[in-house]
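Chemist: Just so you know, the protein sequences line up as chains A and B, in that order. Terminal number for the first sequence in the numbering used here: 346, no gaps in between. Terminal number for the second sequence in the numbering used here: 1278, no gaps in between.
In short, the hints are calculated from the structure, not lab data. Hints are not guaranteed to be accurate.
To be verified - List time: in silico EDC-like cross-link candidates among lysine to aspartate or glutamate, alpha-carbon distance up to 16 Å:
#1 B:LYS1079 to A:GLU285
#2 A:LYS202 to A:GLU169
#3 A:LYS81 to B:ASP1089
#4 A:LYS194 to A:GLU167
#5 B:LYS1115 to B:ASP1205
#6 A:LYS203 to A:GLU167
#7 A:LYS313 to B:ASP1262
#8 B:LYS1230 to B:GLU1204
#9 B:LYS1026 to B:ASP1094
#10 A:LYS313 to B:GLU1273
#11 B:LYS1230 to B:ASP1205
#12 B:LYS1112 to B:GLU1204
#13 B:LYS1115 to B:ASP1171
#14 B:LYS1272 to A:ASP229
#15 A:LYS74 to B:ASP1094
#16 A:LYS81 to B:ASP1094
#17 A:LYS295 to A:GLU232
#18 A:LYS11 to A:GLU191
#19 B:LYS1187 to B:ASP1156
#20 B:LYS1016 to A:GLU83
#21 A:LYS87 to B:GLU1011
#22 A:LYS87 to A:ASP266
#23 A:LYS94 to A:GLU183
#24 B:LYS1187 to B:GLU1173
#25 B:LYS1079 to B:ASP1156
#26 B:LYS1079 to B:GLU1020
#27 A:LYS131 to A:GLU183
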Amino acid sequence: MADTGFIPKEKWGAFIEGLSTKAQVYVPCLEGDTVLFRPFGKEKTLCFERPANSPPKSVIFPQSDTLFSFTFIKDPDNPQKTEVELKEHLDFPKTIVIGSRPCDAKGFTVYDRPYTETDTPDPYYKGRREKTTIVTMTCNSPSAGCFCTAVGGSPADKEGSDALITEVEKGYFIEALTEKGKEILQGPGVEDGKAYQGDATKKQEAVHSMVKNPFGPKGLGKVSPELFDNDEFWDNAVSKCVSCGACTYLCPTCYCFNITDEQTSDKGERIRTWDGCMYVHFTLEASGHNPRPTKFQRFKNRVGHKFSFYPEKYNGVIACCGCGRCIRYCPMSVDISEIVSNLQGA
Amino acid sequence: MANTINPYLPEIVTIKNVIEETPNIKSFQVVFNDPERMKTFTYEPGQVGQLSVFGVGESTFVINSPPTRMDYLQFSVMKAGEVTAALHDLYPGDQMGVRAPLGNAFPYEQMKGKKILFIGGGIGLAPLRTLILFMLDNRADYKDITIIYGSRTPPDLCYKEDLNEWEARKDVELILTVDAEYPGWKKKVGFVPTVLNEVAPSPEDTIAITCGPPIMIKFVLQNLAQLKFKDENIITTLEARMKCGIGICGRCNLGSKYICKDGPVFSLAQLKELPGAI
Ligand SMILES: Cc1cc2nc3c(=O)[nH]c(=O)nc-3n(C[C@H](O)[C@H](O)[C@H](O)COP(=O)(O)OP(=O)(O)OC[C@H]3O[C@@H](n4cnc5c(N)ncnc54)[C@H](O)[C@@H]3O)c2cc1C
Ligand code: SF4
Ligand code: SF4
Ligand code: FES
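Turn these sequences into a full structure, and let the hints guide you.
Modeler: Quick look at the structure:
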């Protein structure tokens, strides 16, 4: 059984530390009462007990990323003439994410389709994605608001991960899912996993039933076209929203961005930063015209993208992995699962 | 596609010529710094490019010179905000960045053997110009060509040299209009949609292509419907704020379609299927 392994509890820390000598390792760290993915360091307090507040999407899709830098070079013979020189930034380090949840890993697969499976793949995303190993951990305690099982996922889902770790009584059972995942089994302290396979399977089945299903016994059905195009429905659904955009930044499947230039003296950078369709400026044109001027139109676009437009484009795949973050951390308690549930009509 | 390895990386071009079309529109004729690229670069009428002023940003403009005339690529820029203002400060010899071609093209193959009706307003003549010049360079492929073009005042008419030439040609009918009476103006006076109704072209075997300010497009579409043009024979181009230009950044979508990639050219039949398009 070359594709599984086991790490005893007492060797877990050494295992992560060992990996961090070979690659940039990101782990969920406790900061105050928040869990965030950070580069591993011995001084960090790791926290694998609950899903991180923010998904690890920034590891592959940084919140701010330099696409290229530009330098203006004056022609020494003709001060009127300036050449511009561009330099791409396409070198990415080998990286391992340990402790993402299945919903986080599925988030990357939602990115993969528009970012890599096109005639114009995004070299920044693709480069980092290829250099990154996603080591996911079976969810041991779903949080309030989680609904992964209702959108095709599960607390032990393997989609998008290179390896899946399941915590069992004496330690961590690892299952390699890809070639990159197999490399993880070469990490320090990894023992034969065969004896723990059964325990891991039991654990995975047990957590499955702990996730609530907001869509009722019939599950997620078809969106009612009448409700979807009813402005009043959206206006009511989102009346509380304050357009803060937190839902988009914390969402593992939200991938909108902005591109801006920053310049100091004779050089500068073109930068890509996270953006969100919940912001009024997102679609504002120079003429003052805005195709989505009201917050209900913007929210309709956000929900529509995840539950209607993206599925239409990509074989019915829903672009929401049910991580529940937008529900847990929305300051106004706007609940996407409730809205989608209502969208299905009576 | 612009650059298959890195679609975000502009190619550097040098401005050869700047034409002041109107008080707030300038045309830039540019060539790639790499002379080889000028030979390998291909595009189709209707496709757009992202122009970069490094340090300021990027904006979207249609390539308004046709692929049948490859001495340079021409972009016309109406001053609207930051990037367009910075572009207006550039002169021959200056460099800028181009990511092109982006988006889809006019269905010019399907237009072969048909009568063509162009209806443009203001800077909206830019995308039409590409197709008009392309058709004039392949004149035998198309039947009657009629162009209805208007602007607010005579000085606001773009491409005055082209207009003179088209007016002189026997195989093109050009109808010019301005919104209100103007000293010395002897041609039509009135909004483009109204003039369209006066001209009342037959929908028989005809494709109508329109581009201009949203309000003009709205009434032109209504009037074309009254003239019994079928939705699939009406072609227009859409605008939306763009950044990536390759269907990722999420800015320009109408439902599941991205104006930057699936557009900017759509038939009215296609637009009626899209939420909030018209
Ligand atoms: C497919 C297409 C073709 C176009 N062709 C032409 C053309 O040939 N000639 C011309 O003068 N104009 C054209 N436009 C409109 C032109 O892109 C905008 O006027 C221009 O981007 C305004 O930029 P700004 O930076 O000066 O304005 P600002 O308000 O400073 O804009 C900031 C940013 O907003 C975006 N933006 C703002 N308004 C628009 C808009 N209407 N459309 C797209 N992006 C916008 C740009 O990305 C810009 O970087 C076209 C737009 C599209 C979508
Ligand atoms: S987090 Fe809540 S309040 Fe903020 S934009 Fe999203 S739905 Fe609106
Ligand atoms: S929409 Fe909400 S529940 Fe769905 S993936 Fe995004 S943050 Fe998670
Ligand atoms: S401009 Fe980015 S998706 Fe169209």
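Chemist: Looking at the structure, which of the earlier hints fail to hold?
Modeler: Of the numbered hints, all hold.
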